[in-house]
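Model the full assembly from the supplied sequences, consistent with the hints where possible.
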Amino acid sequence: MTKNKYMIFVGLILFVVSCHQGLAPLEMLYMNVDFPIPPEGGDPVGVWVPDTTKPVHVALLDPDQLPTIIDSLILDTELDKNGLFLFSSSGLCSIYAVLKIEPIVYLQSLVNPLVLSMNDTLIADGPYEIIDDKILTLSIMTTFSQLDTLGFTSRQNDLELISLPNSFPVEGFDDIQFYYVMYLTRSIDQVLTKNVLIPSDSKKDEDRS
Amino acid sequence: MKYRIYLILLALFYFLFVWGNLYSQNIRGSRITGQIVEARSGDPIPGANVLLLGTIMGTAADRQGRFIIVSVSPGEYTIMVSAIGYKKEERRIQTVAGEEIHLVFRLEETVLLMDGIAVTANRYQQSLDKLSTSMDIIPAQEITNRNIVSADHVLRYAPGVNTLEGGQVTIRGSSGFNFGMGSRVLVLLNGNPVMTGDNWSINWYAISTSTIKQIEVMKGSGSALYGSSAMGGVINIITEVPENESHIHLRTFTGFYNHPSYKEWRWTDKRNHYEGTSLDISTHLGPISTLISSNYQTTTGYKENDDHQIFNFMTSLGYHFTPNLHFNLMTGYGRNRGGFFVYWKDLNHPYHNGSDPYGYRTRTTIKNTYIYPSLTYVMSQRFFLSVRGRINKGSTVDLKQSKNEKIRPAEEIFRSSSVNTQGVEIQANYQVNPQGILVVGSDLQADQVESIQYSHAEVMKKSYFMQFEQQLWDVFRATFGTRYDWESVRWKDTTEVAVGELSNKFGLNLTLSSGTHFRCSLGEGFRVPAVGERFVSTETGALLVFPNPALQSEKSISSEMGLIQYFSSAMMLDMAVFYTKYDNLIEPQLDVDSGQDVGVRFKNVVKARIRGFELTYRTDWQSQLFSTQFSYTYIDSKDLSPGVEYGAPLKYRSKHTIYLTNDLNFDPFQFGFDIRYLSQIERIDEYHKSYIKDIDKLVPTYAVALRLGYAREHFSLRFLVDNLFQYNYLVSPANMAPPRTGVFQLNIHY
Chain U
1 MTKNKYMIFV GLILFVVSCH QGLAPLEMLY MNVDFPIPPE GGDPVGVWVP
51 DTTKPVHVAL LDPDQLPTII DSLILDTELD KNGLFLFSSS GLCSIYAVLK
101 IEPIVYLQSL VNPLVLSMND TLIADGPYEI IDDKILTLSI MTTFSQLDTL
151 GFTSRQNDLE LISLPNSFPV EGFDDIQFYY VMYLTRSIDQ VLTKNVLIPS
201 DSKKDEDRS
Chain C
1001 MKYRIYLILL ALFYFLFVWG NLYSQNIRGS RITGQIVEAR SGDPIPGANV
1051 LLLGTIMGTA ADRQGRFIIV SVSPGEYTIM VSAIGYKKEE RRIQTVAGEE
1101 IHLVFRLEET VLLMDGIAVT ANRYQQSLDK LSTSMDIIPA QEITNRNIVS
1151 ADHVLRYAPG VNTLEGGQVT IRGSSGFNFG MGSRVLVLLN GNPVMTGDNW
1201 SINWYAISTS TIKQIEVMKG SGSALYGSSA MGGVINIITE VPENESHIHL
1251 RTFTGFYNHP SYKEWRWTDK RNHYEGTSLD ISTHLGPIST LISSNYQTTT
1301 GYKENDDHQI FNFMTSLGYH FTPNLHFNLM TGYGRNRGGF FVYWKDLNHP
1351 YHNGSDPYGY RTRTTIKNTY IYPSLTYVMS QRFFLSVRGR INKGSTVDLK
1401 QSKNEKIRPA EEIFRSSSVN TQGVEIQANY QVNPQGILVV GSDLQADQVE
1451 SIQYSHAEVM KKSYFMQFEQ QLWDVFRATF GTRYDWESVR WKDTTEVAVG
1501 ELSNKFGLNL TLSSGTHFRC SLGEGFRVPA VGERFVSTET GALLVFPNPA
1551 LQSEKSISSE MGLIQYFSSA MMLDMAVFYT KYDNLIEPQL DVDSGQDVGV
1601 RFKNVVKARI RGFELTYRTD WQSQLFSTQF SYTYIDSKDL SPGVEYGAPL
1651 KYRSKHTIYL TNDLNFDPFQ FGFDIRYLSQ IERIDEYHKS YIKDIDKLVP
1701 TYAVALRLGY AREHFSLRFL VDNLFQYNYL VSPANMAPPR TGVFQLNIHY
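Each protein sequence line maps, in turn, to chains U and C.
Note that the working numbering numbers the first sequence so that position 115 is 115, with each residue one more than the last.
Count along the second sequence starting at 1, add 1000, and that's the number in the working numbering.
FYI, nobody ran anything at the bench for these hints, they're computed from the structure.
Just to be clear, a hint being listed does not mean it is correct.
[As the list claims (entries may be wrong)] Below, simulated DSBU-like cross-link-like pairs (lysine-lysine); rule was C-alpha separation at most 35 Å, straight line:
hint	chain 1	residue 1	chain 2	residue 2
1	U	K81	C	K1403
2	C	K1689	U	K81
3	U	K5	C	K1130
4	C	K1655	C	K1607
5	C	K1492	C	K1462
6	C	K1367	C	K1213
7	U	K134	C	K1270
8	C	K1461	C	K1581
9	C	K1697	U	K134
So, in structure tokens, the structure goes:
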């Protein structure tokens, strides 16, 4: 009997000790994210298309960082007008867009600038999250760019997506750090109903019926 | 169909009323009256059960402990008196025509609940040690002692039972986690199903906990007596019956939630709290005895958008047309208004709502109104007839409320469902011979569902059941039962699905000695898919859910062997081994709809078996000075579905469950503590990971609760602490349990 009491006592002690464990916060991933242009937040929910009146803004994080052999660098970038960005209120996003990037590099040694052309296709289909009310995190497939974390500023019919600094490798020198700001406008052709895209005309038809 | 049920109900009531009145005039027998009191103090024991063995006659003592049984034929009988917390007593009596016998029973106290009487197992009152299936009784005292505000919370201490967030109940691992939809445990309120007709979940909020007399938990398949959804077990909530005496009971409480363990987990700087008041009044209006109960609770919630205001109101009217013909009308209304928290945002924000659409919060209003008329007629000491009607109207409305009305519409209803249910059940108990009872009956129910997410559906259910129990050689009881259920569902006026299911049950009980009782049973079970599982088309958080009208019934075969051993009048052990095989289990599965959207659909996919054992030990040291209940349930579940998951444990089940309850009584002071341990669940649905962040972060449950009380004759004061060590565990995946909680409770009763 004494042995049983001892076992019960030990069991209770072990139980109480176990009670001090349990779930705990994970390491915070987004505590120190600094965007080159501070995002202002807002509401990203809706269907967005590239704003054809504003090209993608791309800039070097530190203009003085240019290697000495490069006189200047122009990063000519635009979003294909057929792109589509969908953020549903239930936390799902769907993105298909082509980012055309044309770095024009002027070198001292060359008479004509060096023009490169690359297309980066952005595809996302899955959940997204909003952190601190101004940062979007999502899983997005890209070829060159890192766009899994985007700052955003949303006004009534405009949405700006701000990337974190991306790196452009230049052999023999430090990587060039640059960032994008993509300008989107609310789609007038398509609306979002229950996470399903439908043309706005048919929505009107439905309403009429 | 709706009007046909009303007509059947009215015709049966009228028939019983007229026949009962006429027939009662011709019965001439003796009366047995008496009083049941505590042996030590002489105080009455209200609610004590009185059974005239060898007949179907019985009654319950009133608040003064008095009882009366009339129209007893001359002869020799054994009368048995029992009450939870007291040792039962049997006495031989001889009745003579036209004469009255008066008896006084003085019962000694004990904590051994096996001396209780349950009605659920066989649809008539029976002592627990005479049953062929495992049964637990939760007395009303446990509800008061733990300040239980929702009846499902008290079930967390019943051996082998667990409740998850959303009121979902599982008995011995019968269910995993499915957001409360399609319960495999049937919940009854005085024998009437309280399941919602659309998604077959449980309306716990509509049940007033202050009027509960006891909760009976039957484990293993109950489909042979109760039909669909009783495949995992049956929980019957028995409420107080209205009496001819007046009494009043007021309970009020106020409690608070501690802040979360980590500063970064806080979603508000305010102190979260909850409070509530219930008032029960029992009185009589002339010959009509009445019980009125009202209950209001409000909580800020401990999670974001998890505040609730709950109100319920219940009346019960009783009237004896003749001593043998009794009418009862139970009516109630419940409303639950508040937020909607399904899962967290992530483990760094576990108290933030992840299931709300961005920029919105989901608000829910659930209402339920019920009317349960019943007529019971003891035609003779061998024949008993009851007719129970049920009319139920329930609705659920979910609306999206904008957090910023400047940029979004203020409110928008995106889910709603209303259900109208009408049903009637007829049951007859016939004492075929002094040791054999036959129970036969039929049940008819119609549900009409009108819903945004389920569309329009009409369900028609019919069933017929029969059970016979025979006692042989004083020590051996055999039970055989069978039930046929037929159900037809019409959806959108086009799709029609009809199913017929036959369920059988066989049970044995053997009294090996006065302190040793052996039991075994084998039963078939089934569950017809709920309207919600078949026809749902909605989104929950980021999850799309698609319909599957072709869904089939789940089936099971469960078996059990058990032994009750009394070591002394103050110590008992109940052991049981069980084995259940499931076929066609319904689980949500990842799927693609015709529009190529990815979501989930309920499908018949799982073959499985669950085996295990359960051990319950109760002891009473120094005559209730110190009492202990310990239970351990081991579950070994295995997925037998062909494919890669073959052999894996079933999802959302804990292998080990331990509950320990201790009470120390130094009259008038009371002290108690409870310990709950559930091992970490071994598997979850993989697809949840795609939209619920950190859902795979799981831990075992270690919960400790403390109770301090001071009780006098007319009032009691209690202070309770839940989750004493502020252990961070889960009530369901991605849903944190409350942090440490303290509550003060005051009870006044006259």
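Just pull the numbers of the violated hints for me, sorted ascending. Per hint list: zero violations.
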